[in-house]
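Visitor: Chains A and B supply the protein sequences, listed in that same order.
Just remember that the numbering used here sits 1131 ahead of the position in the first sequence, which is counted from 1.
Just remember that the numbering used here sits 69 ahead of the position in the second sequence, which is counted from 1.
Do not rely on the hints blindly, as some may be mistaken.
Computed spacing ranges between beta-carbons, pair by pair [what the hints assert, rightly or not]:
#1 His187(B) <-> Gly1298(A): 55 to 63 Å
#2 Met1148(A) <-> Ser244(B): 30 to 38 Å
#3 Leu240(B) <-> Gly1142(A): 25 to 33 Å
#4 Val1146(A) <-> Phe95(B): 48 to 56 Å
#5 His264(B) <-> Val1146(A): 35 to 43 Å
#6 Ser318(B) <-> Ser1368(A): 47 to 55 Å
#7 Ala102(B) <-> Val1146(A): 51 to 59 Å
#8 Leu101(B) <-> Ile1269(A): 22 to 30 Å
#9 Ile248(B) <-> Phe1203(A): 43 to 51 Å
#10 Ser1368(A) <-> His187(B): 44 to 52 Å
Here chain B is said to cover these stretches of chain A; the calculated rule only asks that three of the stretch's residues, wherever they fall, bring their Cβ under 8 Å from a Cβ of chain B [said to hold, decoys possible]:
#11 1151-1157
#12 1279-1287
#13 1400-1414
#14 1422-1430
Facing chain A, a subset of chain B residues (Cβ under 8 Å, in silico) [stated by the list, open to error]:
#15 Met197
#16 Ile199
#17 Met314
#18 Gly320
#19 Val336
By construction, these hints were calculated from the structure, which means they are not laboratory data.
Ideal placement from N, C-alpha and C gives every residue a C-beta, glycine not left out.
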Amino acid sequence: MKSKYYLKFTGKYLVRMVTLLIAVSVISFVLVSLSPVDPVQQYVGSVPNVSVEQRAKIAEYWGLNDPPVERFLAWGKSILHGDFGVSLLYRRPVLDIIREKFAASLALMMTAWVFSGVIGFGVGCMMGVWNGKWPDKILKKVCLIMCSIPTFWIGIVFLMIFSVQLGWFPMGMSVPKGVPADQVTLLQRIHHLILPALTLSFLSFANVALHTREKLVDVLESDYVLFAKARGESKWSVLKRHGFRNIMLPAVTMQFGSFSELFGGSVLAENVFSYPGLGAAASAAGMASDVPLLLGITLFSALFVFVGNMLANIIYGIVDPQIREGYGHE
Amino acid sequence: MSNTAAVSAGTKPRKLQINRRTKTIFFAVMILAVLFSVYLAGALLSDDLIQADFSKKGLPPSLEHPFGTDMLGRDMLVRTIKGLSVSIVVGVVASTVSAVIALIVGVAAATGTSWLDHFINWVIDLVMGIPHTVLLILISFACGKGLKGVLIGVAVTHWTGLARIIRSEVLQIRSQQYIEVSKKLGHSSWWITVHHILPHMIPQFVIGLILMFPHAIMHESSLTFLGFGLSPEQPAIGIILSESMKYLSTGMWWLAFFPGLMLVMIVLLFDRLGENVKKIVDPYSAHE
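Based on the provided sequences and hints, a complete structural model is requested.
Guide: Right under this line is the structure:
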């Protein structure tokens, strides 16, 4: 019974993932085909003396003269074979670049994710407990203002304060300059990671805190909390037994649903700090009209967001007793 | 602000009593006036004021140049206001288009056949499934960058949230009895939508529209900052901030600090405006 349910669950997800990825690839392919940028011109770049015949040859080689549908099918076929093409910008296979850059980005995104999740949840709980009192009012104002601050500007401000004025942190990049890659210590990497991660977590931190606050206030105003108080439970025990348990679920959804924002924010944060991650590569690919890389990163980012949402649903099933019990009854 | 609060709390002078609704309307109008004057100032200030003047390059903030000058000797205050003006226009146009899309899509999903509803939900999931910034980069790339790319990009990516809200509102209204009565009276689905459902959508539409501005403005400036938006000759906050990156290590903090701060202020003002309008048009939220 249970295994059948899991099978259905996984099957449904697989179908959704495949349709989503097909749709994303169609849309992004149509979008890049619409671009007025001439890929041959972009490829040739500033190299002089490229004759018209040579250009035509490149266009022919890339199949630029074929109808769009044919090009899409050819591209889709090679992707299914695991060939995402070669990046014009880095002159290396797209998949290698994504793999390499994503490792750097993942460190950054996960640090920011944990920062904003843990601190945001904590601050949100504090606001909820102090609902309506002055610490709550001040924190709420601060969070609302934080929501309105663009990621890239706060990154610049952090750089100005902590790197230029105080000199606590380096001016960007993920490793110190002039040090061979194999000699970079973990501590140096972390040192370079802190400021970008803080910047990235800035926006979602406020969101998480405000969201947690709303939920906790709802819970604390409920009848069962009133009853618990009447039984003589202390504030802490009410929070532990009723508060946290009931706000856990929305917090999990929120946290895993933020993968999209996280990735989007990393594009900006990585650009400000010249951090060599996937986000910086995405905007670089767009600027340099590096179509294979841009398409590859788009597909990958959609997959990343999808995995986030899927994880949220799986954890939901584990954490929520209602869904957990419901497995057997379906 | 404390003045009016004190007056409304006291009971003595009758004609000065201002209730919360009046106060809210007053603040909304004030904010609107501020935003409009920023727009006008940016549109009316002559370009001569930001001519390059190398005798004044890189000056820190002073009385003459409150925001300092940049490396070409241009006054940063004028550049900032011009940039904000452009941002406001882009924000208003893009979010209006986006809100209209949301209204059409939301109503269509709720009133149309079930396959249309499924399809629209699927499209919303799809748009939300690609990180926003990546989608904006793609669309801007498709439009060949520039102002057009930003406008289209911001307009076609912000409607999803509002469309979902409108869809569920319409579904709720459609289950009301007076809709059933109207159907039995022989009115067509179109007639019911126009006469019974759309009027109910006005509050959500207006609030959604105004609360979309902050996002639209932030995304416009982010995209411009990354180099996909407005071109370097145009005044834009994104351009100013990406330029300032070059001079950060020289300690010229005013190049980035004030323009960004002003952008945050504009975003906050739009946010406040949205909250105030929400209190005016949506009686339920006024009691929070």
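Visitor: Now look at each hint and say whether the structure bears it out.
Guide: Results for each hint:
| no. | hint | verdict |
| --- | --- | --- |
| 1 | His187(B) <-> Gly1298(A): 55 to 63 Å | 57 Å, holds |
| 2 | Met1148(A) <-> Ser244(B): 30 to 38 Å | 34 Å, holds |
| 3 | Leu240(B) <-> Gly1142(A): 25 to 33 Å | 29 Å, holds |
| 4 | Val1146(A) <-> Phe95(B): 48 to 56 Å | 55 Å, holds |
| 5 | His264(B) <-> Val1146(A): 35 to 43 Å | 41 Å, holds |
| 6 | Ser318(B) <-> Ser1368(A): 47 to 55 Å | 53 Å, holds |
| 7 | Ala102(B) <-> Val1146(A): 51 to 59 Å | 54 Å, holds |
| 8 | Leu101(B) <-> Ile1269(A): 22 to 30 Å | 28 Å, holds |
| 9 | Ile248(B) <-> Phe1203(A): 43 to 51 Å | 44 Å, holds |
| 10 | Ser1368(A) <-> His187(B): 44 to 52 Å | 46 Å, holds |
| 11 | 1151-1157 | holds (count 3) |
| 12 | 1279-1287 | holds (count 7) |
| 13 | 1400-1414 | holds (count 5) |
| 14 | 1422-1430 | holds (count 3) |
| 15 | Met197 | 7 Å, holds |
| 16 | Ile199 | 5 Å, holds |
| 17 | Met314 | 7 Å, holds |
| 18 | Gly320 | 6 Å, holds |
| 19 | Val336 | 4 Å, holds |
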